Amino acid sequence: MNEPVRRLSVIVLLLVLTLMAAGSWIQVLNANDLNQDPRNVRTLYREYGNFRGPFVVDGESVVWSEPVNDPYNYQRTYANGSLYAAATGFYSIVYGRTALEQTENELLNGSADSLFWTRLGNLFAGEQQQGASIELTLRSSLQQVAAEQLGDQRGAVVALDPQTGEVLAMVTSPTYDPTSLASHDTAEVNENYQELLARDDSPLVNRAIAGDTYPPGSTFKLIDAAAALEAGYKPDTELYAPQELDLPGTTRTIGNYGGATCADNDTMTLSDALRISCNTAFADLGMDLQWSVVERKAKDFGWTDSIDIPLSVTASRLPDDPNEAQTAMSAIGQFDVRATPLQMAMVAAGIANDGVVMKPYLVDTVRASDLTVVDVTEPEVYKEAMDRADANALTDMMVGVVDSGTGTAAQIGGVAVAGKTGTAETGQDTPPHAWFVSFAPADDPKIAVAVIVENGGDIGNEATGGAVAAPIARAVMQEGLRLDAEGDL
Amino acid sequence: MATVADLNVRAGRRSELALLGLAWMVIVLARALVDYNAAFLELVPLAIYGAVWAAMMIAAHVVLDKVAPSADPVLLPAVFALNGVGIAEIRRIDHAEGTAFADAQMIWAALGVTAMIAVVLLLRDHRKLRRFTYTAGVVGLVLYLLPLVPGLGITVNGARIWISVFGYTAQPGEFAKIALVVFFAGYLVTNRDTLALAGPKFLGMRFPRPRDMGPLLLVWAAAMLIMVYERDLGASLLFFGIFLGMLYVATQRLSWVLTGMGLFFIGGSFAALTIPHVRARFDAWLHALDPEVYSSGTSEQLVRGLFGMASGGLFGTGLGEGRPDLVPYAESDFIIASLGEELGLTGLMAILTLYLIIVQRAFRTSIGVRDGFGKLLSSGLGFAIAIQVFIVVGGVTRVIPLTGLTAPFLAYGGSSLLANWIVIALLLRVSDMARRPSEEVA
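Sequence order for the protein chains is F and S. Just so you know, we're using numbering that gives the first Met the number 0 here: the first sequence kicks off at 0 and counts up by one. Just so you know, we're using numbering that gives the first Met the number 0 here: the second sequence kicks off at 0 and counts up by one.
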């Protein structure tokens, strides 16, 4: 009976080896997947046990981890939380992470590959794992001004450095304070979150990049103009600009804002049409150019592409194979054309930067806990949307808008400002969205801005981009220029 | 039949003492770590704890030295180490949950060691057990089926493998295991020649004669009964697996094993398809991470265990520094996951290796002992531990469906601990005979 016992012992050895293999699979080979599983609360507990790195704006921490005496060890603390909520997002033991708290999580909690040496150092020094600090491109004073200007109107403001793509300001309104979701009292967090969710003005949505995209209205005429310049049109090329334009294949017509007449003899230059934002001229121009030409130019500026800044930005949309009437409507930024405020800021920034659109980014520098630089974002060309001469011509036309057109409310004394208004229809019974996109100074652009105020903001039905959005853009640009003068931009 | 591999071994009592010293250090250090990490470290209770373990070890060692001087020297230290590590982990979960399982388990450990000593003292020759072959068979079967008695059996987690008497609960299957090994050993050593007779040839293999199939079918029927009515795949698999292993050792016929496995597979598949509880366990096993299965709760415990083990990684979080308390039944059914989390893959491997050592020592004993009954008894007991470990650890690591059995010596539970200490007593007794120099054998 010895032989079968020997064989049995081999079988037992195989059984135990099977168990060891299973253990290795769970604890080492597949451990990462299991640890990343959102149902795994251990990861959260362990993360809270570590020092999570801060977010830094203008050299000061705006979000940090405060040591506390509870099982989580640290309390995520947000100074002036609502001002930066759109960028930082929240870090909650109940609802997880959003925005940069999510995308930069591995750097913040110290587990990123790039922090390997820091971790090793901590290990040898017997110290706890330390997260990296994330320095943002945002400027506190620009955030402040943009938020104050928007007030309690629904909308968003995005400001970019046209030459680098740095996001200088990103404000969405209404917003929320991440502090209310960072508490370690789960019942309280639950209640606060449900309250935010229940509100019909969606404060948790980042309107600047990820809300429902908006019809860009007349700001889209910049795309038409860019396409026209490329197609050989000059700023003084005469366009057909009737009081009413028949929409081919329908019984409907397009008129101008307030039914106004663009020109006495039904023709006007491209430059003037942009200056006074003549709908019929651009609708006709769109049909003349063909939709495919306008579509390509829109894509040159980033439409239909989703990017990560590193927050993921909703792709701006274009109509699918529109007929002639739909092309006419699309050319004035209606029908199925949609854009995020960031996309419109990128249009302004691209024109400002001689036709080159830089890739927008929010994270400037990542520093390990010992302050050594782990990563610096280098400016990167995103798209070459226009050639230099066309961009300069369009800039001059946009200066006309602010000098003597629909955008005079954005004038800044002693500085040439380039801008474009937009008043986007949203339906029969709802007031229009007010848009303004601009940059300054026109000859050496330092800051490009896009502003949207939903449904006319405080003035409702009477709102226009020029009246509601332009003053906000003006204030933001002015603050940007002040920072630049101090060498802070 | 009594083939003897001549063993020329040192008794090894001194090695045993040294190994026991090592086990003692592991046990006391583990508890010190657990208490330290819970900010609960007090020196006097720790000293008392160390003294109690030392007393148990010395008592066991001295008794063996007197009445079983040639007994295997590795078994005792390995079992003590497992028992102590188990209690440390249970105490660690007590700290997190405010329970007092570790103290209760300590009492059971003391009772287990006492029972072990008693068996070694009272049973001077394991061959006497052969007289009780059929008694053991009946006792084993009754114990196995006890939970089915209305008013006595209770259902825990869907499986009915517990009984409750005057508020005390027990898992009679743990004791049934021993009685059945005794029965199988006695029965098979008598009937092995008949069972080994060649029958029809099929697929190039000689199968047993159909008329000899009776006992196999009977045991299979009993195993199916346990699976269907106690709704526990583990108890059923353990019971049937012990029988198949011993049948193989007795007859050397692989065809028996294949026939038996085929039968069990058919019965198991049938149960998996028709019995909701068994089916749920299968679902939870196959689709553990599936959100639907997880949120229905059937695989939640299993998956939480996996999360725990994953968070432990290669070296573990350290005793007292993980969160094993996030897994339900972390101190009993899932103690392997708790240990995997805090001691890491390294610790898990060490524990599995300790089990492997115990089982291999049992097999070594089986090879060394002269009488057929002793061979079957020791290999059967060793194999029982092996299958139980495989069923438990395999269940927690998703190799097989999860069942209600617990890890021998580690998991919280009096019946299991007591029964397994008795298993060790029997193994020690047989090993003493196996390793005794030839001339001394009566």
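Treat the hints as calculated values from the structure; they're not laboratory data. These figures come from a predicted structure and were not determined experimentally. Any given hint might turn out to be false.
Chain S regions said to be covered by chain F (calculated; three or more residues, Cβ under 8 angstroms) [said to hold, decoys possible]:
| hint | region |
| --- | --- |
| 1 | 22-28 |
| 2 | 134-148 |
| 3 | 228-241 |
| 4 | 312-323 |
Pulled from the structure, derived: some chain F residues nowhere near chain S, Cβ distances all over 12 angstroms [as the list claims (entries may be wrong)]:
| hint | residue |
| --- | --- |
| 5 | S8 |
| 6 | W24 |
| 7 | Q143 |
| 8 | R366 |
Derived SDA-like pairs (lysine to any residue); straight-line CA-CA distance at most 25 angstroms [what the hints assert, rightly or not]:
| hint | chain 1 | residue 1 | chain 2 | residue 2 |
| --- | --- | --- | --- | --- |
| 9 | F | K233 | F | S403 |
| 10 | S | K200 | F | K233 |
| 11 | S | K200 | F | E2 |
We treat Cβ as the ideally placed atom computed from N, Cα and C, and that holds for glycine.
Going down the list of hints, with the structure as the test:
1. 22-28: violated (count 0)
2. 134-148: Three-residue rule not met by the region 134-148 of chain S, so violated; n is 0.
3. 228-241: violated (count 0)
4. 312-323: Contact hint for the region 312-323 of chain S vs chain F: holds, 4 residues under 8 angstroms.
5. S8: violated (4 angstroms)
6. W24: Check fails; 8 angstroms does not lie beyond 12 angstroms.
7. Q143: holds (42 angstroms)
8. R366: holds (28 angstroms)
9. F:K233 with F:S403: The given pair, whose Cα atoms are some 20 angstroms apart, holds under the 25 angstroms limit.
10. S:K200 with F:K233: violated (97 angstroms)
11. S:K200 with F:E2: holds (23 angstroms)
The structure is inconsistent with the numbered hints 1, 2, 3, 5, 6, 10, although it conforms to all the rest.
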